[in-house]
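Protein chains in written order, with our numbering: chain A, 9 to 339; chain B, 88 to 222.
FYI, nobody ran anything at the bench for these hints, they're computed from the structure.
One should not assume that every hint holds.
Said to hold, decoys possible - To give a feel for the contact side, a few chain A residues facing chain B, derived at Cβ under 10 Å: (1) L12; (2) E13; (3) E50; (4) V53; (5) M87; (6) R90; (7) S94.
What the hints assert, rightly or not - A few chain B residues that don't get close to chain A, going by computed Cβ distances all over 10 Å: (8) V121; (9) R125; (10) T127; (11) T128; (12) K159; (13) D174; (14) K177; (15) R198.
Unchecked claim - Distance condition first, Cα-Cα at most 27 Å in a straight line; then the derived BS3-like pairs of lysine-lysine: (16) A:K98 to B:K159; (17) A:K221 to A:K202; (18) A:K57 to B:K160; (19) A:K98 to A:K62; (20) B:K177 to A:K107; (21) A:K240 to A:K202; (22) A:K107 to A:K327; (23) A:K176 to A:K107; (24) A:K57 to B:K211; (25) B:K211 to A:K62; (26) A:K118 to A:K339; (27) B:K114 to B:K177; (28) A:K45 to B:K91; (29) A:K57 to B:K114; (30) A:K327 to A:K339; (31) B:K177 to B:K91.
Cβ atoms here follow ideal geometry from the backbone N, Cα and C, with glycine treated the same way.
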Amino acid sequence: MEQLESQYQKILSDYMTDQTEKNLYIAQNFTRQLIQKNISPEDVVSVHKNAVEKLFPRRMSEEQLAYDFLIEVMVHYGMAHREHQSLLQKQAEYEMEMKIATNIQKTLLKTDVPQLSSIDIGMISIPIRKMNGDYVHFLYNREDFLSVAVTDVVGKGVPAALCMSMVKYGLETLDYAYKDPSYVLEVINRVIEKSVDDSMFVSMFYACLDMRKSILSYASAGHEPALHYSAKHNEFFPLESTGLLLGVLPETKYLYNEIVLEENDIVVMMTDGVTEFRAHDEMNSREVISSLIMENKYLSAQQLCNLLYKQIEEIQDFKLSDDFTVVIIKK
Amino acid sequence: MTIKSSVEIITEWDIVEARQLGRDEAKALGFDTVDQARITTAISELARNIYLYARIGVIEIERVETDADTEKKIIVIATDQGPGIEDVRKVMEDGYSTSGGLGAGLPGVNRLMDNMVIQSVMGKGTTIRAEKWLR
C-alpha cells in the first residue's frame, strides 16, 4: 500500500505540473494495477487524500473533511464492488459446472444412427445453446423393425436436459413394446407426467417402420408433423396426427396412424426449430423444406440432412432461434 | 484490557447512536480513517438489520487492548430476540439479501470486518459477532 501511495503521489504531482495526455495515460495504467490488486474505492480515495496532503499541505486543512466524507461514501461503493467481484467468481464456477454438465449430457444423450442395409437413415441435431433440448432415439431389431423418436422439450438449458434423460430411459425400458407408437407415447406420457415438474412439456413424434411389410406406423404428441415424400406421386404428404404434449395429463391417448412406404419414398421428421423461420414470417417453411428435398432427392439421407441445415441456416441469416433436429429415412 | 459499551436499538436514530459509538471506539484504538469508515458502516448495517427485521436489539462494542500493540481489535456484537435466520448459509450468499445487489447485507459486513460469526435460533433471535484487528 505504501508503495502504491508513493507511486500515486508521483503520478499526481507530474500531472499537476504538466497536464499532458502522457501523464494521464500513465495514470490509466496505474489504475489498471489498482484494480488488479483489488484496491477498493475507499482506499483509492484515501490514497488520493494522502497524496494531496503531502503535495499541498496548506490547502489540506479545509479539504480534509471533504475527503473523509468521500471515504464514507465510497465504503458503500466498495461493498458493492467486492460483491460484484465475488459474483463474477461465482459465475466462473457456474460456467465450469455448466461445461461439465454439457459434456455429461453429450455422452448421455448421444444418438448413434443405425446402419441398416434396407433403409438409408440420416440425422442432424444442432443445439442453439450449450444444452440440446432436442433428442432423437433409435430402436431397432436387426432388419425387421426400426423405430425413431424425435423429441423436443418445451424449455431450454439444464432443466430441459434433465427432463430429456428421463425420456431416454423411458424409451430404453420399452423392450419389445417399441413397435406400437401410440402405446409408446402413452407410456412416456405417464413417466413424464409423474416425475417431472408441471412446467415441463415434451413433444414427440414416434414412428416405427416394419421393414418386411414396408409399413410405417406413427403417432404424435403435439409434435411438428413429419413429411412423407411419395416417389410414386412425386408429391409430399404431411404425416399429421393429433395428440396432447407429453406430461400434461396422465391418461392421454394417442392416435395410431400408418402408411405404406414404397421404393424411393422419403420421410422427414423434425423439430419446430427447423420449421420456424423467425426472420422470414412470409415464407412457408414446409414448402421450402419440401422443394429442397424434391430437388435433391437423389442425395443420401445424411447428405439431405446436412443440406437442409445449411440452407435453412442461410435463410435465417445464420441466426437460428431454436435447436435444430432433422431425421430423414429413405427407402 | 477490554472496554465494553453498548447501544440499544429501538428507533432508527439509535442506528446513528451505534455508529457514533463504533467510530469513537475505532478512533480510540487507532484505526485510520478508511477503517473507521468500514467499521462504522458494518455497525450501521448490523443495527439496521435489527431495526428492520427484529425491531429491537442491542449493539455492543468491545475495545480489546492488550499490552502488545499487535493485539488490538474491535469486536461488534449485534443481538436481538427477533424471528431468527432460517438459513444462515443462504444469507451469507452474495445477492441474496433483499436489498439485492447493493453490496450491503451480511456478506458485505463480513468483508468490511476480518471475521464474522452468526448464531441464530428460529423464533428466539440472532447474535452476530464481528471482529476487526488493528494492523
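Against the structure, the hints come out as follows:
For L12 of chain A, the interface hint is violated, the least distance from its beta-carbon to any beta-carbon of chain B being 13 Å, above 10 Å. For E13 of chain A, the suggested interface contact is broken, since its CB lies about 12 Å from the closest CB of chain B, more than 10 Å. For E50 of chain A, the interface hint holds, the least distance from its beta-carbon to any beta-carbon of chain B being 5 Å, beneath 10 Å. A distance limit of 10 Å between C-beta atoms decides the matter here; for V53 of chain A the minimum to chain B is near 8 Å, and the interface restraint holds.
For M87 of chain A, the suggested interface contact is upheld, since its CB lies about 3 Å from the closest CB of chain B, less than 10 Å. At its closest, the beta carbon of R90 of chain A sits 5 Å from a beta carbon of chain B; the interface hint therefore holds under the 10 Å criterion. Interface hint at S94 of chain A: satisfied, since its Cβ lies 5 Å from the closest Cβ of chain B, which is below the 10 Å cut-off. With a least beta-carbon separation of about 5 Å from chain A, V121 of chain B fails to lie farther than 10 Å from that chain, contradicting its non-interface assignment.
A cut-off of 10 Å between C-beta atoms contradicts the statement that R125 of chain B is not in contact with chain A; the least separation is 6 Å. For T127 of chain B, the non-interface assignment is contradicted: its Cβ lies about 8 Å from the closest Cβ of chain A, within the 10 Å cut-off. Here T128 of chain B does not stay apart from chain A, with its beta-carbon only about 5 Å from theirs, under the 10 Å limit. For K159 of chain B, the non-interface assignment is confirmed: its Cβ lies about 19 Å from the closest Cβ of chain A, beyond the 10 Å cut-off.
At roughly 17 Å, the least C-beta separation between D174 of chain B and chain A is larger than 10 Å, which holds for a residue marked as non-interface. Once the 10 Å rule is applied to beta carbons, K177 of chain B is consistent with being away from chain A; the minimum gap is 14 Å. At the 10 Å boundary, the C-beta of R198 of chain B falls inside the reach of chain A, the nearest C-beta of that chain being 5 Å off. Restraint check for K98 of chain A and K159 of chain B: the C-alpha separation of about 34 Å exceeds 27 Å, so the hint is violated.
A threshold of 27 Å between alpha carbons decides the hint, and for K221 of chain A with K202 of chain A the separation of about 36 Å lies outside it, so the pair is violated. Simply put, K57 of chain A and K160 of chain B have alpha-carbon atoms about 25 Å apart, close enough for the 27 Å limit, and the pair holds. Our distance criterion of 27 Å between C-alpha atoms is broken by K98 of chain A and K62 of chain A, whose separation comes to about 40 Å. For the suggested pair K177 of chain B and K107 of chain A, the alpha carbons sit about 25 Å apart, so the restraint of at most 27 Å is met.
For a cut-off of 27 Å, the pair hint linking K240 of chain A to K202 of chain A is broken: about 44 Å separates their Cα positions. Annotation: proposed proximity of K107 of chain A to K327 of chain A holds, straight-line Cα distance about 23 Å (limit 27 Å). Only pairs whose Cα atoms come within 27 Å are accepted, and K176 of chain A paired with K107 of chain A is accepted, the gap being roughly 21 Å. Pair hint K57 of chain A plus K211 of chain B does not hold up; C-alpha atoms about 46 Å apart against a cutoff of 27 Å.
With a C-alpha separation of about 53 Å, the suggested pairing of K211 of chain B with K62 of chain A is violated against the 27 Å cut-off. The straight-line distance between the Cα atoms of K118 of chain A and K339 of chain A is roughly 25 Å, inside the 27 Å bound, and the hint therefore holds. Our distance criterion of 27 Å between C-alpha atoms is broken by K114 of chain B and K177 of chain B, whose separation comes to about 33 Å. With a C-alpha separation of about 36 Å, the suggested pair K45 of chain A and K91 of chain B falls outside the 27 Å cut-off, and the hint is violated.
At roughly 18 Å between alpha-carbon atoms, K57 of chain A and K114 of chain B fall within 27 Å of each other, so this suggested pair holds. A distance of roughly 33 Å separates the Cα atoms of K327 of chain A and K339 of chain A; the hinted pair therefore is violated under the 27 Å criterion. For a cut-off of 27 Å, the pair hint linking K177 of chain B to K91 of chain B is broken: about 31 Å separates their Cα positions.
When each numbered hint is compared with the structure, violations occur for hints 1, 2, 8, 9, 10, 11, 15, 16, 17, 19, 21, 24, 25, 27, 28, 30 and 31.
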